[in-house]
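*Asks:* Keeping the supplied structure of chain A fixed, place chain B upon it in accordance with the hints.
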Amino acid sequence: MTQKHSFDVIVVGGGGAGLMAALFASQTAKTAVLSKLHPVRSHTGAAQGGIGAALGNLEEDHWEWHAYDTVKGSDYLGDQDAIEFMCQEAIRAVYDLEHFGLPFSRTPDGRIAQRPFGGHTNNATGKPVRRSCYAADRTGHMILQTLYQQCVRRETIFFDEFYVLDLLLENGAVAGVVALELATGELHLFQAKAVIFATGGHGRMWEITSNAYAYTGDGVAVTLRRGIPAEDMEFFQFHPTGIYKLGILITEAVRGEGGVLINDKGERFMEHYAPHIKDLASRDVVSRALHLEMQAGRGIGGQRYVYLDVRPETVNHYAALDGRTRPDGSPYRVTAEEIQAKIPDIIDFCRTYLGVDPVKEPMPVQPTAHYAMGGIPTDINGRVVGDERGTVVPGLYAAGECACVSVHGANRLGTNSLVDLIVFGKAAGQDAARYAAGAGFQPLPADAEDFARQQLEHLRHGAGTERPAEIRREMQRLMFEQVGVFRTQEGLEQAVRQLQDLRARCRQVRVSDQGRAYNYELVNTWELGNLLDLALVTAESALARRESRGAHAREDFPRRDDENWLRHTLARLEGDRVTLSYKPVTITRYQPRERTY
Amino acid sequence: MLTTLKIYRYDPENGGAPHYDTFTLEAQPTDRVLDLLERVRDDHDGTLAFRRSCAHGVCGSDAMRINGRNYLACKVLVKDLGTTEITIEPLLGLPVKKDLVVDMGPFFDHYREVMPYLVNDEEPPEGKERLQTPAERELFDDTTKCILCAACTTSCPVFWANGNYQGPAAIVNAHRFIFDSRDRAAEPRLAVLARQTGVWSCRTAFNCTEACPRDIKVTQAIAEVKRALVRRKPSARR
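Listed in order, the protein sequences are those of chains A and B.
Using my numbering, the letters of the first sequence map in sequence onto residues 6 to 602.
Using my numbering, the letters of the second sequence map in sequence onto residues 441 to 678.
FYI, nobody ran anything at the bench for these hints, they're computed from the structure.
We put the beta carbon where it would ideally sit given N, CA and C, even for glycine.
Heads up, some of the hints might be wrong.
Pair by pair, the computed Cβ-Cβ distance ranges are [as the list claims (entries may be wrong)]:
{"no.": "1", "chain 1": "B", "residue 1": "Val-670", "chain 2": "A", "residue 2": "Asp-114", "range": "31 to 39 Å"}
{"no.": "2", "chain 1": "B", "residue 1": "Glu-562", "chain 2": "A", "residue 2": "Glu-318", "range": "46 to 54 Å"}
{"no.": "3", "chain 1": "A", "residue 1": "Gln-460", "chain 2": "B", "residue 2": "Gln-636", "range": "50 to 58 Å"}
{"no.": "4", "chain 1": "B", "residue 1": "Val-632", "chain 2": "A", "residue 2": "Arg-309", "range": "52 to 60 Å"}
{"no.": "5", "chain 1": "A", "residue 1": "Ile-162", "chain 2": "B", "residue 2": "Val-670", "range": "35 to 43 Å"}
{"no.": "6", "chain 1": "A", "residue 1": "Thr-130", "chain 2": "B", "residue 2": "Asp-543", "range": "50 to 58 Å"}
Extracted from the complex, chain A is given alone in its bound form:
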């Protein structure tokens, strides 16, 4: 028997955006959080370097500078009204987090400490600015813990390890969701006036990724299946410094603290690609530089990695060459102890996985699939926008990485993911509660859970000729090779063909675990289906966009083309067919210019 529940607002996902939404929605509306992981396991906890906000605690800064840097970082594809809103709200968001108890690192006079981060600049001088508010190198962990703590204090209702399989829409409005309880294998029906998706990213479709196993694009896949388009899916960020082969993230804060990238010839090669801010250029720029260095045979020992060097002697050497100073004007110099205090978790990762001590040896790094700029289209209140004309789907919301507002455009700046999930998680929670107060429940159809049940039965009783792990590995290799840092028409066409083939094969899977309790094989196979849907949409969107912008770099179309492509992609998926349409970018005060660092 399917159990039924009823709430004003359902939040799907228990990471930073979901918890923020729940904290604010539950102030006035009956709210519950459904999360496939226990909330404290969410991937927000892996974010390291900081949350950007123009507090100006250490030097002059302005939210308008943050906004300009974000627009430029987005390669002018970000919607500027949303970016201005986010950068203004970021300041309050950081103080809100501090008041919630977040243990930020502190300046000597007791204020929130800030450090430089890629792409964040003093707009007057063009030099890096200290804007990233941090708690050592575990800022995301502290955000996740702090928000969960506040949920405990306010007795937020959680359904832990409930996996949402389907969204119910009736009369064009939200009616609820269908979820699988992992502990029992039972389906549950949640009637709701408003549903907020906060399900995170989908980096697990690539072979080398910084993303958690759980990052399988569930929210975007569920809404795609229900006719909601996915926006700007061709823009996926490759972070330049993942641990070689493992993909585990080495935060940009390492370069913020003075670390530099070095090739096989011992050169600090970023000088050639971004003469002004060098190693602190935007992530897409640095990832392409790494790729080109390795392609030219200047990877270490000819291999597919370069060194990230944060040894004090290296940091001090290049800081002196750059004329870098401390806030009081004295020359910037560091000791091994200071580095250890600033990036303890990174040092721990390197010792554990590489047997390398970063203050004594450089770290081998390569680009790693990191962040989805694209996702479910929303406005600045988190409301899902269902078409190119801006039509809102009543009761449907999205926030955080699964959403596309769009504040990141073609490339996200470091620290802005945490800003996004705090600012828009709150906005979505508040707006959903407001909406629920004035709306009734949509009737639930008698067959509400049939689609989910049929799909699950199909996986339990399929033809059994295919194994999910093989399909997953093939998808991950294909996406890394053909839909990675650089793309070509030929490679993308091949990717589309092979993804269609992999999707057909996935329909022939039969899971071997026929049990109900904690059937992870069933869940992982469902997740694979979600990833394949999103991979196809990503490849098709990338194939159509015949320009290079931000994270989408076409070898055959190396220039940005504002005349034809200064617009957002909307992709719909019907059966095996992807259809694309476009909508304009909102420009307020920053006219598109050539982007150099």
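*Replies:* Relative to chain A, chain B alone:
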């Protein structure tokens, strides 16, 4: 190198008694134990149940007993174990739900008992942070690292003997707030910890400190909480 995995199995639906299954697979010395579990589920036995997510030691999903000691499966490499015979079992002291999956409910119940959140109802400065010096911040830095994986609590012999003991993880999370200069609820928290099921049950076995995958000095944190209890104003004591 050829590696043998002996894995604890329990399936609540098939009524069978718990048993061990053995899998032999090729492993690299630098493989995480989690990588081997993934390979077992992918290529040998799809029914194997275990939790995991981040795979690099920050989400706390995959705490389990590996060769008799608590680790995160994603944070221990085959070479760290010094043997190619690897026995993997669920955490001790929590009910097993299936294979390596345990019921974390009792663990989080103890966590909630200690009021694991900042309490300060004074109006914060409008549009500014509450000030805290680096020295004040340092007092509780270590205990902010906790990821609630339960490796410490389920390595504690006192907790094994008495599940009502709040356990090291709950005390660590109490410590994180008791020593935060911005918090105002140290007293009610200490009152909870002063109960028979609180810190005085600790027998200083140091298992928790050894088990912590985040290198938190757990036993030291417990000792600091004990000292704070001793220093309490007599009027506040029962």
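*Asks:* Hints first: check each against the structure and report whether it holds.
*Replies:* Here is how each hint holds up against the structure:
Distance hint check for B:Val-670 and A:Asp-114: the Cβ-Cβ separation is about 33 Å, which falls inside the suggested range of 31 to 39 Å. About 47 Å separates the C-beta atoms of B:Glu-562 and A:Glu-318, a value consistent with the hinted range of 46 to 54 Å. Between A:Gln-460 and B:Gln-636 the CB atoms are about 51 Å apart, so this pair conforms to the stated range of 50 to 58 Å. For the hinted restraint 52 to 60 Å between B:Val-632 and A:Arg-309, the CB-CB distance of approximately 53 Å keeps it satisfied.
At about 39 Å, the CB distance of A:Ile-162 to B:Val-670 agrees with the hint of 35 to 43 Å. For A:Thr-130 paired with B:Asp-543, a C-beta distance near 57 Å keeps the hint of 50 to 58 Å intact.
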